[in-house]
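Chemist: Residue numbers (our numbering), protein chains in the order written: chain A, 2 to 249; chain B, 21 to 234; chain C, 452 to 757; chain D, 452 to 757; chain E, 345 to 563.
Keep in mind the hints are simulated off the structure, nothing from the lab. Please note: incorrect hints may appear among the correct ones.
[To be verified] Computed list of chain D residues with no C-beta within reach of chain E, every gap over 12 Å:
hint, residue
1, D491
2, T515
3, S528
4, G529
5, L542
6, D569
7, A570
8, R574
9, S575
10, N597
11, A650
12, A652
13, D661
14, A711
[As the list claims (entries may be wrong)] Examples of chain E residues toward chain A, derived with CB under 7 Å:
hint, residue
15, F420
16, P423
17, G426
18, F486
19, T487
20, G521
21, P529
For each residue, glycine too, the CB sits at the ideal point set by N, CA and C.
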Amino acid sequence: ASAEEIKARGYITVATEDDYTPFEFVADGKNTGYDNDLLALMRKKIGVEVKQQVMPWSGILPGVTTGKYDMALSAVLVTDERRKTFDFASPTCEAITFYATKKGSSIKGPDDLVGKVVGAETGSAMLTDLKLFNEELKKKHGGSGIKQIVEYQSYPEAYQDLALGRVDAVANTQISLNSLVKTRPDTFLIGQPIGKPTYIAWAVKKGNTDVLKMVDAALLELRKSGEMYQLQQKWLGASYKDMPQSVN
Amino acid sequence: MNAFDYWSIVQGALATVVLSVASIALGIPLGLGLALIRWARVPFFHRIVVAYVSLIRSCPAVTLTLLIFFALPQFGISLDPTPAAILALTLSTAAFNCEIWRAALINFPRDQYDAALAFAMPRRLRFRRIVMPQIWRAALPGLVSEMTLQIKSTPAVAVIGIVEITRAALRVGARTYEPLPPFVFALVLYGLIVFVLIRAQRVIERRQPVEARA
Amino acid sequence: MNTSNDAALTMLREVAADGTASAPSAAAAASGNTARPATDTVLHLNGISKSFGENHVLRDVSLTVHKGETVCLLGPSGCGKSTLLRCVNWLEIPDAGTVHVSNRRMGVREGSSIKMSDAELARSRARIGMVFQHFALWPHLTVLQNVMEAPLHVLGRPRDEARADAERLLERVGLAGKMEAFPSRLSGGQKQRVGIARALAMKPDILLFDEPTSALDPMLVGEVLNVMHSLAQEGATMVIVTHEMEFARQVASRIVFMDAGQVIESAPPEQFFGAPQTPRARQFLARFRSPHQPFDDTAGDAPKLL
Amino acid sequence: MNTSNDAALTMLREVAADGTASAPSAAAAASGNTARPATDTVLHLNGISKSFGENHVLRDVSLTVHKGETVCLLGPSGCGKSTLLRCVNWLEIPDAGTVHVSNRRMGVREGSSIKMSDAELARSRARIGMVFQHFALWPHLTVLQNVMEAPLHVLGRPRDEARADAERLLERVGLAGKMEAFPSRLSGGQKQRVGIARALAMKPDILLFDEPTSALDPMLVGEVLNVMHSLAQEGATMVIVTHEMEFARQVASRIVFMDAGQVIESAPPEQFFGAPQTPRARQFLARFRSPHQPFDDTAGDAPKLL
Amino acid sequence: MMEHFLIVWQQRADVLSGLLDTLGLLAVASLASLVLGALLTSALMSRRAAIARLATLYVDAMRCAPFLLFVYLIYFGLPTAGIRLSNWWAGAIALILYNTAYMAELLRGAWAGLPAPMIEAARAYGFHGFSLVRRIILPQVFTVSLPMIGNQLVQIVKDSAFLTVIAVGELTHQMNGIQATYFIPFAAFITAVVLYWAICLVIEGGSGLLSRFAEERRA
Ligand SMILES: Nc1ncnc2c1ncn2[C@@H]1O[C@H](COP(=O)(O)OP(=O)(O)OP(=O)(O)O)[C@@H](O)[C@H]1O
Ligand SMILES: Nc1ncnc2c1ncn2[C@@H]1O[C@H](COP(=O)(O)OP(=O)(O)OP(=O)(O)O)[C@@H](O)[C@H]1O
Ligand SMILES: [Mg+2]
Ligand SMILES: [Mg+2]
């Protein structure tokens, strides 16, 4: 929506996930997590009302591309493929794709993934990273790489399969995996990075610059005041102070 | 799983029931209307109904929901998740109900209908006094089993942000990383709802005097 | 709804008055239709033809039934008897020909060629009572409700009047004890007697019976034929399709014999059974007299069954 | 499967041999059962009783049928005729009494009181041919397959033999042209003739007919009765439940009249039809002679139907 | 919009593999559930009360459980019980077990509706036990229930779409992958709908043809 439209109706609509700890999830019936806390702070700065719709990941990006929502207020990894369709707000954190294993696994380093079964989410940036990493592995090990990449609709099933031994490792961002290991330290173990550092940011439909401007202004203010870094510390266990202002 | 998790799944069950009841209440008469259009071979419209039923029958509910939620705005109709979900569920159940009603209409004994004609009943009266009281009884088992299927297909509307039983259970699993317990609890709730429905059908059938059946 | 029902009722009474007065009614006089039959004619079929696809089921059938006549329609299976009856009340629409019931044109608006609407057809049909081979009672209604249904909702008669009438009729056909029973609890003979009471409750000008006893156990045929016999004696106008030769001989005022979609003979029963005029009628009657000659062997040395 | 079929077949042949030899068979001699009937007895019922709940349908019925006899079982509707036939081949299990078919006890193991297993029962039933009121053909099989089915899969006869037999029988009942047709394509009379051929194909010791013509159009009754007439002339042993009095008079070697679950009279047809001994038989026959006396009014001033 | 469908076309290898997977699941699940359903129906109709009750319990349990949750239960629950299956087979087995109950229920309806005299005739001619069921009852049950079996096959196709949650690479899974990678929800889902429709039209056509064949074999 353009600036005038937003003025006229007095609100923007955003879509948020409900099962992506620690960014956004539901606890005791309330939407909580890093992104939800950020939203609470942003509401004070942005000057228009923000209407939030909570839904599964599979509905989020289609909702933005079709114009149902102004922005995906969700942990969207910034990739080249996505830049073709979306514009991103100022990033909210940094991410690197890691793998995690079951405790006691024989996988001690990235090279041990050769001949193993690894899971990741369909259409995710982590899957893209995993596929690139697999190419490298193949080069390095004379054609032999990961035995099979299993694509999941969402991560809880992948973690469950890891626990049951159907997959040997799961690829996800270090932030998500840290949260996993913190909750079930007796079952899971975080491994090492298999991708390049990238950013996580909120996404709008390509060309929707008016919304982007409003949101960016608020986000940069939160950075300046340090409130964003406090929230990162609280939810993600680290603060990322060297992020660029724009990742588009 | 803590007490609140159980409670949240129960709330999901409430949403499931509300959505199902709404779509069933709309879908049964709508299905009857569609069936009558086909039965009476209303020109042009009966072809549309045939295509509609065939398409909906083969379209997975998730896909239908996504299309309604995300495609309609392009034609200027933007629906909130709840009405969109009810619309999707109604469209789908109406197609199935149409087939059930139609089967009941087709199997309606020809000579009873002839008797209604011979006894000078005009169309509305024929339908209201002779056909309807019998076909609804013939259709009831089919309608109820479609209702159970309908209730079981409500998880499809979770994709547009409706939190029904299955979604509520998934949320719990996503937080605790232990999906099995909430699923089992969800199964129990579904079982209860469907069981109540099946019992209701039995009660309704039993209240019909047996001898009143053809 | 109510107004049209009242109209139908009024019409019905007018017609009834017509019949007894036996003078041309105002309505009949007002119409310029020259093919109009005489006034004591209850049913007049003229040149009825009907095909189902390639199958010419009725070929130019004409038939007149006068007030108080009992016409028995005989003929081999498939010759078109049922179809003819169904053409009378437009359950089957003839391809050609006209039907008049109590001097009113059936199916087509008087003095025009416009088809009747559903409501007009219903009003015309109210003057014709029909009894079906397989009873066609409505299973969701009790016996009493079956009989009251059409008088109440089609003719719009007051409930207590319709009820009193239905009870009287059911008593008369020997079913006083079964009024609250559902049809599924009745024997075939009882069902068919309900079917007759149901037809009578409409006070029709003419009664049509399509093989009313052929779905019945032989032991139960008598009870239905008895009721029909009474009706004939009381002067009801009836057209009866039947295979009960003995009954037809006793009760009919006229036998109409059909074959291959045509009326072949029409004669008083004594004449028809005593001296049938056509070879086809003779052949038909012969089969009924002795249905089981020894099995017709083509050769003496035919293989044995055992 | 095969071995038990072979056993059944062997048994069948033995029995057939028994019958023709008309001397006490080894099996019969070996058994010490004193109630054992004479050797030309094909069916022997002794003291059969059967109730459905409170309804005593059969009360101590005994009946003996000798080889070559045609017994017609008459009686009013509901008197238990069908139930009696069904007791013969244990489709209904009698509460008391014994059934012997070709000198073998039905339903209970010889010389003991142990119930037969399903397989033993099946073997016993294979010796009894049954023809049903509503034909009960198997709709998924062609006419030829219907006739071959049981000989092939129950008796385990070789296919070409069974086929030749079936073709011969179908030809004999006048259905040579319909062998590949499905039952749904046949008229009622044709269906029942297939039913008879199917029963004959088992080469049974006795044939049971339960109202074989009462579901037929009157015009088609003759063709079925003709076949049965031929069978009687060829010396088949048959028990026929029927309402066709004329047929019974011509064909029966004995009439058995039942009422209220009991055998009331058993006599040659001339005697039964000419001079029935019991009032109930007289009453029964009277209803058939003139089934439609005028409706039996209780009072002269009974309300009119019209 | 056109370019979106072009993207789908470029991914046709994935679409085809999804389609084949769905067809494979359909073939396995329909054959197995028909055979098992026929057996279960015999149990439902058994004269031994204990067997009939047990079979009824199974059918009712399946009727009460939503397929999605049942899939999760099979997929995550069986390993807990020491049974480990690949995703595809776990999905196929869930489809089979679930639809067996529905097949059995619809066959039971047809069986119960068979005219009793036809079965009695078979008993009277010496059929019993398994040969009675196989030669006389089941052929009639199948001819009568053909259209309903067709409906159930359509249901299997739709159920198979749920298997995406346990990472079975069937049609919905592939289309969802394409959708999420290239952000073309419409083109992807419309393609899916059209393909599903095509499968179902083939099923309907087939069952229509068979019905015509069965027509004269019905009572
Ligand atoms: N609705 C219909 N569609 C096609 N053909 C029909 C229809 N109704 C009747 N027929 C055909 O018309 C012919 C005459 O049928 P009709 O029922 O009038 O005969 P019928 O004289 O009453 O015979 P029956 O004594 O067996 O009742 C038959 O060949 C029948 O197959
Ligand atoms: N399976 C059953 N359960 C309960 N009652 C039955 C059953 N079969 C028959 N009866 C009852 O047993 C009685 C005798 O029935 P049956 O069929 O033997 O009479 P029928 O002499 O053959 O009569 P019809 O001439 O009408 O065929 C009837 O009262 C009937 O209602
Ligand atoms: Mg007829
Ligand atoms: Mg009987």
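Chemist: Hint by hint, say whether it matches the structure.
Modeler: Verification of the supplied hints:
Non-interface status of D:D491 relative to chain E is upheld: no Cβ of that chain comes within 12 Å, the nearest being about 24 Å off. Listed as outside the interface, D:T515 is consistent with that label: its C-beta sits roughly 21 Å from the nearest C-beta of chain E, beyond the 12 Å cut-off. Every CB of chain E lies more than 12 Å from the CB of D:S528, the least distance being 18 Å, so the non-interface label holds. Listed as outside the interface, D:G529 is consistent with that label: its C-beta sits roughly 18 Å from the nearest C-beta of chain E, beyond the 12 Å cut-off.
For D:L542, the non-interface assignment is contradicted: its Cβ lies about 6 Å from the closest Cβ of chain E, within the 12 Å cut-off. A cut-off of 12 Å between C-beta atoms contradicts the statement that D:D569 is not in contact with chain E; the least separation is 4 Å. At the 12 Å boundary, the C-beta of D:A570 falls inside the reach of chain E, the nearest C-beta of that chain being 6 Å off. Residue-level check failed: D:R574 sits 7 Å from the nearest beta carbon of chain E, not beyond 12 Å.
For D:S575, the requirement that its beta carbon stay farther than 12 Å from each beta carbon of chain E is not met, with the minimum near 8 Å. At the 12 Å boundary, the C-beta of D:N597 falls inside the reach of chain E, the nearest C-beta of that chain being 10 Å off. The Cβ of D:A650 does not lie farther than 12 Å from every Cβ of chain E; its closest approach is about 8 Å, which violates its non-interface assignment. With a least CB separation of 9 Å from chain E, D:A652 falls inside the 12 Å interface cut-off, contrary to its annotation.
Under the 12 Å C-beta cut-off, the non-interface status given to D:D661 relative to chain E is violated; the minimum distance is some 10 Å. Here D:A711 stays apart from chain E, with its beta-carbon at least about 25 Å from theirs, past the 12 Å limit. Taking 7 Å as the C-beta cut-off, the interface hint given for E:F420 holds, the closest approach to chain A being about 6 Å. Evaluation of the E:P423 hint against chain A yields a held restraint, the C-beta minimum of about 5 Å falling below 7 Å.
The closest approach between the C-beta of E:G426 and any C-beta of chain A is roughly 11 Å, which is over the 7 Å cut-off, so the hint fails. Annotation: interface hint on E:F486 violated; nearest CB of chain A at approximately 37 Å, more than 7 Å. With its C-beta approaching chain A no nearer than about 41 Å, E:T487 sits outside the 7 Å limit, and its interface hint is violated. Residue-level restraint check for E:G521 holds (minimum Cβ-Cβ distance to chain A is 5 Å; threshold 7 Å).
The closest approach between the C-beta of E:P529 and any C-beta of chain A is roughly 4 Å, which is under the 7 Å cut-off, so the hint is satisfied.
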